[in-house]
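Colleague: Line by line, the protein sequences give chains Y and F.
At position 65 of the first sequence (counting the first as 1) the number is 65 in this note's numbering, and the numbers step up by one without a gap.
At position 87 of the second sequence (counting the first as 1) the number is 87 in this note's numbering, and the numbers step up by one without a gap.
These are calculated hints, taken from the structure and not from any lab test.
One or more of the hints may lead you astray.
Reference excerpt, derived from the structure (chain Y facing chain F, CB under 10 Å, subset only) [what the hints assert, rightly or not]:
1) Ile-37
2) Tyr-126
3) Pro-127
4) Val-252
Source: prediction; values computed, not measured.
All C-beta atoms in this analysis are idealised placements derived from N, C-alpha and C, irrespective of residue type, glycine included.
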Amino acid sequence: MTWRTVARRDWRLTVDARSAKVLLALVVLGVLLAGYIYPVVTTEPYTTSRFPAFVEGILTTLVPFVGVLLGYNAVVSDRESGAIRLSLSLPQSRSDVVLGTYASRTGLLAGTLAGSLAVAGALVVYPFGELQLGRFLVFVGLAVAYGAVWSGLGIAVSLAVATKRRALVVGFVFLFLFVVVWDALEAATALGLSAAGLVGDELPAAVELAFGLEPGRAFGRATAGLVDPTRSVEGAWYLGGWAAVAVLALWVVGPLGLAYARFAGRDLT
Amino acid sequence: MSWRVVARKDVRDASRSKTIWVLVALLTLLSVGYAVVHEYLGPAEFPAFLNGLAGLVGAVVPILALLLGYKSIVDDRTDGSMFLALSFPHSRGDIVAGTLVGRAVVLLAPTLVALVTAGAVGAVRYGTESAALYPLFVAATALYGVAFLGVAIGLSMWTTVDRWITLGAFGVYMLAVNLWGGLHSFALLFLHRFDGTVLADLPDWALLFRLAGPGESYDRLLAAAFDLDRAGRYVADGTPVYVDWWVAVVLLVVWFALPLAVGYRRFQRTDL
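Let the hints inform the model, and build the full structure from the sequences given.
Modeller: Structure, rendered in structure tokens:
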């Protein structure tokens, strides 16, 4: 159970760092701003179940950056400086270190998300809106899972490489790919395939599934399918809400597991 | 029971101080002066006179209370006399209780004199309609003043940094007396996305939040006994039960007790 000790220490160090404060404040600010202007810029009815569709864009932009930037230096900076050899000489295993670090960084992001979403929900409910508690709790849970995906990706990057610079570069490659160019990539694929005469207007199911696997889209489909009663997800069953939840779960476990397998076999000199 | 000794010393100290006498003279002059000039400012009736007097007293008494209290503990503490006093069989609690009682006497005696004089002058000049309830006005004012005294002494126990105490006393005055209504309105406007109609028709919970300001509570207490223009929003039809006059009493007691309790907790533990 020494991962708890690691987590507590890492939490304290992370909270003290100014960069982490700035990043988390960014998330809080974005979410609260969304909650505040939501009744002003959208049309009735204002409910906490329709609010996710509005805040989603902000979350899928901010959370990946914050998650990766919170996570990328978690293990690798200790590895670079040699501190990890010291901490591993204590009675804690590599898995303790990884689990503790992951728990603390993810907990930080998750707590920030949950707290700011709760306040934003209150801003939506008062004075114009309506609270639909169960659905909103599901949404908060999904947002926390989405945060866990990205902080997990950050930590995974941190585990997989040997220097901070490489971790940052790989982290930004993920961000660039998934957040910045993903839509353009899909459009380009569709254009290319139809220009080659292989498909009509619609992408084939396999390609659609492949593009739908991106965490932000899985998050979007899960909120559309499970939270918002006025929206629904179209398409095959594997593009539905529950399937999206499974995709998110895979994203939490997969990268971290792979990176840990690599990290566990490394010589840390 | 040694808080009595402390209180007696505190009152005697205060009666030797020139500032206190200046304040007494000022308060009497202001309230009696108002009683004289009221007929040029408003209708020459007793409730209208009371309305104006309440506005004046509501602004001046907090200043007096804060000035009396905000240095009370901390001065003794920084010049070392607290250390001496505690070497006598006084506990810290005795010292705080004694100081509190002493300052309350120093605050309330002049207020009483000034208000009674002003009330007498007012009754002579503007008739005695509802003047029989005048003691209620004095009692409400006393409670209002003591509430600020609690804040000031609490502040004085909280820290020894002079700047913070001064700023705190000033800040409390600005917040509680001058800015409360404005801040309340702004908070509501902000929550309602700057839709101005909310201010014309306050939601029920907002009434309680507004009443939590000591000035508003004071007005609410007065409105329970007299037919005043002030605090009219709390006595209109259909107002909720939690803005009744006794809630105002509770809120003023909270203003008195909460800072005192918080300050005392910290003062009791700290190393002098």
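Colleague: Does each hint hold? Answer for all of them.
Modeller: These are the hints, each one checked on the structure:
Interface restraint check for Y/Ile-37: the shortest CB-CB distance to chain F comes to about 8 Å, inside 10 Å, so the restraint holds. Hint status for Y/Tyr-126 relative to chain F: holds, with the closest Cβ pair at about 6 Å, below 10 Å. Proximity of Y/Pro-127 to chain F holds as hinted, the smallest CB-CB distance being about 5 Å (cut-off 10 Å). Because the smallest distance between the Cβ of Y/Val-252 and any Cβ of chain F comes to about 36 Å, over 10 Å, the interface hint for this residue is violated.
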